[in-house]
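For the record, the sequence lines run as chains A, B, C, D and E.
By the count of our numbering, the first sequence reaches residue 368 at its end, each step adding exactly one.
By the count of our numbering, the second sequence reaches residue 1274 at its end, each step adding exactly one.
By the count of our numbering, the third sequence reaches residue 2534 at its end, each step adding exactly one.
By the count of our numbering, the fourth sequence reaches residue 3232 at its end, each step adding exactly one.
By the count of our numbering, the fifth sequence reaches residue 4408 at its end, each step adding exactly one.
Keep in mind the hints are simulated off the structure, nothing from the lab.
Any given hint could be a false lead.
Said to hold, decoys possible - Residues on chain D that point at chain C, a partial pick, calculated with CB under 8 Å: (1) Glu3005; (2) Thr3006; (3) Leu3059; (4) Gly3062; (5) Asp3063; (6) Val3064; (7) Phe3089; (8) Leu3092; (9) Asp3133; (10) Leu3230.
All C-beta atoms in this analysis are idealised placements derived from N, C-alpha and C, irrespective of residue type, glycine included.
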Amino acid sequence: MWLTRPLQERSTQVFLGVLFAALIAVTALHLLMPQDSALYVSAYTVTLLGKYLCYALLAVAVDLVWGYLGILSLGHGAFFALGGYAMGMYLMRQIGDRGVYGDPVLPDFMVFLNWQALPWYWHGFDMAWFAFLMVLLAPGLLALVFGFLAFRSRVTGVYLSIITQALTFALMLAFFRNEMGFGGNNGLTDFKDILGFDLRTDATRLGLFLATGIALAIGYVICRAIVVSKLGRLSVACRDAEARARFLGYRVERVQLFVFVVSAMLAGVAGALYVPQVGIINPSEFSPLFSIEIVVWVALGGRATLYGAVIGALLVNYAKTVFTGVLPDAWLFALGGLFVLVTVFLPRGIAGVLQRRRAAAGPREATA
Amino acid sequence: MSFFEELTHRDRVFEFLAPAPSPVDVRHGPILYLEDVSVSFDGFKAINNLNLTIDDGELRCIIGPNGAGKTTMMDIITGKTRPDTGSVWFGSRHNLLALSEPDIASLGIGRKFQKPTVFEALTVFENLELAMATDKRILPTLTAVMTAEYRERIDEVLALIGLTGLRDRPAGILSHGQKQWLEIGMLLMQKPRLLLVDEPVAGMTEQEMERTAELLTGLAGQQSVVVVEHDMGFVRSIARTVTVLHQGSVLAEGSMDEVANDPDVIRVYLGEEA
Amino acid sequence: MSIARWLRRLILACLLLVPALATAQVADADAQQLLTALAESSFAGKKAVIGRIAGSGDERARRWLEAFADNKLARLESSGRFVIVLSNRGRNWTLADALTGEPLGEVSRRDVDTIRINNSLRNELTSVLSVLDLKSPDPASRLAAARALRGKVDEGLAERLPGLMADESAPAVHQALEEALAIYRVAEQGDVQAVATLSGSLNSEARAALRNATASDDPVLAQAATRALERIEQKLKLNRAAETLYFGLSLGSVLVLAAIGLAITFGVMGVINMAHGELIMLGAYTTWGMQQLLPGQPGLALILAIPAGFLVAALAGIAIERTVIQHLKGRPLETLLATFGVSLILQQLVRTVISPLNRTVVTPDWMSGSVMINEALSLTLNRMVVIGFALVVFAGLMLIMRRTRLGLEVRAVTQNRAMARAMGIRATRVDILTFGLGSGVAGLAGVALSQITNVGPNLGQSYIIDSFMVVVFGGVGNLWGTLLAGLSLGTINQLLEPWAGAVLAKILVLVFIILFIQKRPRGLFPQKGRAAEG
Amino acid sequence: MLNIETLNHFYGESHTLWDLDLDVPQGQCTCVMGRNGVGKTTLMKCIMGEEPVRGGRILYAGDVDLTRRKMEDRARLGIGYVPQGRQIFPLLTVEENLRTGLAARGDGRRSIPERVYDLFPVLKEMKHRRGGDLSGGQQQQLAIGRALVIEPRLLILDEPGEGIQPNIVAQIGEVIRTLIEQDGLTVLLVEQKLPFARKYADRFAILDRGRRVAEGAIADLSDPLIRQHLTV
Amino acid sequence: AEDPIKVGILHSLSGTMAISESTLKDTMLMLIEQQNAKGGVLGRKLEPVVVDPASNWPLFAEKARELLAKDKVDVIFGNWTSVSRKSVLPVVEELNGLLFYPVQYEGEESSENVFYTGAAPNQQAIPAVDYLMNEVGVERWVLAGTDYVYPRTTNKILETYLKAKGVSSDDIMINYTPFGHSNWQSIVADIKKFGSAGKKTAVVSTINGDANVPFYRELANQGIDAADIPVVAFSVGEQELSGIDTAPLVGHLAAWNYFMSVDNDANYDFIDAWVAYTGKEDAVTNDPMEAHYIGFNMYIEAVKKAGTTDVDAVKDAIIGVTVPNLTGGYATMMPNHHITKPVLIGEIQDNGQFSVVWETPSTVVGDAWSDYLPGSKDLISDWRKPLKCGNFNVVTGTCGGKSDVAAN
Ligand SMILES: Nc1ncnc2c1ncn2[C@@H]1O[C@H](COP(=O)(O)OP(=O)(O)OP(=O)(O)O)[C@@H](O)[C@H]1O
Ligand SMILES: Nc1ncnc2c1ncn2[C@@H]1O[C@H](COP(=O)(O)OP(=O)(O)OP(=O)(O)O)[C@@H](O)[C@H]1O
Ligand SMILES: NC(N)=O
Ligand SMILES: [Mg+2]
Ligand SMILES: [Mg+2]
């Protein structure tokens, strides 16, 4: 099976090994260590790690299109946010009559802005299967339509980047509008439970964390499977010489569309897992600056390696957590400085350093 | 003659309406047929009422001054450039002007570019793998498996183009001449019905030229080949029919000797001593 | 309400009777008493006192009233002395005695009780002062006063206006007075004749009077008013179209200014400069800095800020180029990452070093307000200057890129760096100059933007996305494209805004850009031909 | 004019040029030959400074040590370069492409020498067309013309005849000879085509896998040498 | 030498909100310093814990969790935007923390763990409209706001209120703009047109943050004078004015519960302290700062009263606590976790200050649930035993969201 092909690869094995080891270690330390132990991992940390893993999955999705297909999407936050909104709508409906106004159907923000009935696009989100399907479909469809138009017209390079940015920007403005029925700027929040599990319990948190870890693993394997397949090589071919690939008989726009849609869906899943863990989804996830930041994680970790994207996402977000606590006034200097230094001194990102190490250690292995 | 062709032409329009695309139909004549093709760029007529017919299995050389429109003609055949007027048929069934580049490529038209273009980030091997004639749709490509048979074919071609030693190096590091060879290799992998070869021997040594000549003449017969080249020695060694383009239309056509002695050709192209 | 009206009538009548104000001076004790009354009355009561002060004939009255209108008439808590506040910034205020004019130096704010005023009193004061101005020797102030009277004429004044008009020499003032009187006549007396005077007027008070008259019981008047209004509406439509166009061009010129520097650094050099917005910000802060250096001369400071802003931003740009971008040759996408870092640093730098708060940049007088084309169409001056400035900057840039070697060399360097160097082009110098130029132009944009929007650490962020859109929409590498793109996007936005609202208009413009790029994948002015297709 | 001493070059770990010595005498045309991928183009890039060298020296005009000079300075010293693969500036017009050569001239001249247009009339015809739109052979002519704008003392030509129609190839050969004879130009030529090399070059040098394996006057270019080093 | 009382400060120091929020962080640091100079409270010193949620809403929740779970702070002072508060709310409720929220907001909320020291709509918007209607004689209304929940809700309330007062819908114009909107040309022109119909017109502005500077600039340039069409703003305070050239804006209005210009010794002392603390002679104070001042003092009093920093004890103790505000009156914490506040209307002066032209005769109690919204007019909030409910429906007699806690 093409999907299991990456499992035979050493790099994937290492990646999955490290990931699962980390998941197990965190779980064990959280469940087994006494609270006052230095090794105890608090629910706070578990959720934080869960959030990082969501970002990591998002970064992997971006790396797939950017690294291998050469499409610099400055709008991937849109797919992430759409997945997040799909999940958020499900979680909102789960609140039921436990909202402040006790309306059994309408979410609170609709009640106080005088909505009389649930808008049509909110229907179905009370059912988990439907909502989870939408987590994939909403971003997937958007990517399909947008990608179809763009790739068909052969929009490439910065032009494509900028219209992805326009896309997410337009969505941000649209979602800001209260009339859209997604809670405007306040977004969706105050969730109570998911699939019947109380979101405020540590067990649910741990469960979400583990689910995210597994989603990352699956997402990684899917991306890897694409990358090592002939389609992956074709993607690289399209990235470097689109026209040439056409003359070989490949429909470049379909390759682009396929990979783009897969990537958008992965981003949607990341968003869906993100929302219950951070407890809010609001239009700022659509902000172009957020999308740019995702690209920065990938570049920092090392483009076109996938695991580099994971490293980049984890590192930047960990740095952000640390710096915003330790250097509240100066963390932007640290973060900005980090970006600058890494780009200038580590041209191929952190993964580049690792590769060079490996190449130095055993040059034969690298080519195998 | 042309009237005749036009008639046959007409009645094939109906066949073209048949839903299922069928392979190239050469029962009724040429494999490639260009009629009254013109194209201009910002008012400059690069191709001017060009008529050209290539028979199935033919090896045709096309020469002509720089800027005569040879590459542009290939661009038109492969769908890269749309002509302003005229028609281009592949066999009797396929109107190439209605098709996109990948469609044309899938029909079996392969091309080597004047300026070698290969996938620089991929290895030499992978370049050939992608060129290989297989199902080129998305899902088959995703699930494609590298069989021993495929591998053998690629290795054969690698040996033929002399790049076996650089099999796993990225194509980007190849020297100019090596890229030329790789492009020829990719063309071979494609197994096209019609090969369009734009300046294959530029930058090759005499011996390499000989090898290329053998290769191309060997192909002719089952496959049709159109070669554009400025090296007269090379052209002479392979040519049966030579077409001379000038200012976007045919200036002369015939055997190498006929053409080489044509005063117009000497004036605009060959110069005194060739 | 009616009492106030009656009062005003009285005051105005008195004022017109007083032949000349500046002759007398009441006794200090009386003055103290008047001011005390002013300080201690309720807002309603103050109106009466204003009348008394104005009618007192005291030559200091005008100064008191003006200070009062400016919130600068005050009483010292400790001594009960009335003062005029000369400077009311900070915790210690500079004062002068209201009666004697003697300077009192700085006094803690705690001791100063300002005499409260509100809008309606201020309104009152303006009418009072403008009636005084009707007798001013300066025709400009007479015109302003006459205009201010429209819609405010009452019976008392109406009787006197024909007399005033007879004495009036300036035709514009005369006409304004005539309109003021006609408005009164239509509104209060249902005078059909007066409708004719108003039928061409674009003044809003005149229209309001006519609109009310259309609902009149008198059919003749109602009909005349309706017809007059229709005529006016016709004219207004044209004016509104012109206005929308102006708004569009002005928004467009802002976009052009913000984007034009990027058209150089990104469009021509290929550097995805995410710090472009922060370079704009530096230009704006330079303007603020210049105004701090030259207090009281905002206009001069603004003009000096043009070269200074250019220089500051250019130097900052060159510093970025030398420290960061030069290491990223041949990796254009990575410039995005590094310059994103730079932009974070610059923003925070401004927050830390200057302040996270917005800074005040003063608009010089010659740039504030608007030029009145007619009563319904005024073009705001600051925008007009910005439009002009944008065009000048564009033309200058065009000249540099067309007429100097730099333009050619930078394009050669971007297209093939190694080959350009092999041709003897000093690529490093070209990089520095070009990036400096692009950055400097961003600085110029900042100088202009300081006259329109916030000067704060977030300034850059709000323009960076728009700038990229404009450059890309116009076609990367084409300065004309940038100009046209900016102007057209601005105009489209302004055309959409009235019926779609600001938010939706913006969304629609973005959707338009997305769709447009589908049609023309390389922008308005695409790079055509073989090379561009790669 | 150009003396290359024990030049070594690496692409990353792979050793491309090995202890290479080469003399290019003043006022002559020296032709470098060799199979595909032996390092001819690399050698030219080292001389132009596009590739850094690892050891060895390049001396120009007797005593100018080029080894550590910046690329642009080499052009300003009077070296014209026609690279393999044309390398014209695709989005500049033909005229602008030519004008880039003015930067290297010491005399501040602002117009293109007529001689270039005389040599390649097609360039004049297509003055306002984008370089990238030209046909392959036209581009090659442009590349040569551009190098001539510098009015160089040393002209490096990397397979200049590639893609050019026969009569113009011959013409280029003639021009090279004229320039050598009238202006004392020195030419370093990379060429695969023996007839052309034999006709226009004075000396030859053969490279094989990064080493100089033969050198001499063009008349000494013997069949055994060719068989040994130039056939596959 | 007991452990210090940890005070979490959750205000954005970077990003778009830093402009407003970073001063509040400094205010808190100053108040803590002052309290420590007085010996702290209960013999314990106070220790600030500052984090930066960076104007990123999910990060607010995360940082709140960090403060409560990791740093174990006793109380949090923080947030500016409503969305950030909404994001933090589930966290403080889950971890049973205390949050003091200092900014005027749209109401429609009452959490057991949050104390709202800023104004609810009835403490700002409604009195301002009353003033305009009764004192200025406004008949035509422009409700202009940034498109997000606070302006939307406020305007909804005002619209209902105005209509209840007999204003016809033709005389109400509602307009929303995006955050950071900077091109006000046509909107201001529309306002001008709307205001030239012969009836006294006013603009009620819930325009937020950075959009204000270009808005006022455009007003001034298009010649809209406060005398003709006054603008009364709910989100423009001294701090915002410090970034605007106020000379052309004299006479435009704002409604707040505090102005820096208030003539009161406590206020002057506060200003002196603030100037000394920041070292900037031109430092300004504003309403949310006063709210923090009040909230902080209330917290101190409640801790004293409870004798402990235990959250539940403080929560119970703080209801009814009364501390002086800076305008010469007192603020009391009400059972609905909102406080009593005077409402002041000020006119902008050329020195960037407001001069008070009107104030409510007495303080107004903050109303968590608006009386003018159909969904919430039946709700009340009372966190005292036995009701202990933030959204008790007086008609159905139930506490929303906790149907099991029936009322009796
Ligand atoms: N996109 C374009 N815009 C303008 N002119 C073009 C364009 N494409 C081709 N041309 C012109 O059309 C003519 C034909 O070019 P073409 O490349 O077909 O010539 P060619 O016969 O292949 O020449 P060569 O032997 O030099 O390769 C040339 O004069 C070229 O300048
Ligand atoms: N960037 C690179 N990295 C690694 N190896 C390279 C690189 N560029 C070229 N090479 C290798 O160096 C060798 C010499 O290349 P070069 O281009 O100098 O050959 P050449 O003699 O000019 O060949 P041709 O006749 O084909 O132009 C080749 O084997 C090539 O594969
Ligand atoms: N609560 C506010 N002003 O967002
Ligand atoms: Mg060609
Ligand atoms: Mg070579």
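Right, here's what the structure says about each hint:
Nearest Cβ of chain C to the Cβ of glutamate 3005 (chain D): about 22 Å, over the 8 Å cut. The hint is violated. Given the 8 Å rule on beta carbons, the hint for threonine 3006 (chain D) is violated: about 24 Å separates it from the nearest Cβ of chain C. Using the Cβ-Cβ criterion of 8 Å, the hint placing leucine 3059 (chain D) at the interface with chain C is not satisfied: the shortest such distance is roughly 19 Å. Given hint, glycine 3062 (chain D) at the interface with chain C, is violated; its Cβ is 21 Å from that chain's nearest Cβ, farther than 8 Å.
Look at aspartate 3063 (chain D): its Cβ only gets to about 21 Å from chain C, farther than 8 Å, so that hint breaks. Evaluation of the valine 3064 (chain D) hint against chain C yields a violated restraint, the C-beta minimum of about 15 Å exceeding 8 Å. A cut of 8 Å between beta carbons decides the hint on phenylalanine 3089 (chain D): the least distance to chain C is about 5 Å, and the hint holds. Interface hint at leucine 3092 (chain D): satisfied, since its Cβ lies 6 Å from the closest Cβ of chain C, which is below the 8 Å cut-off.
At about 4 Å, the closest approach between the beta carbon of aspartate 3133 (chain D) and any beta carbon in chain C falls short of 8 Å, and the interface hint on this residue holds. The closest approach between the C-beta of leucine 3230 (chain D) and any C-beta of chain C is roughly 28 Å, which is over the 8 Å cut-off, so the hint fails.
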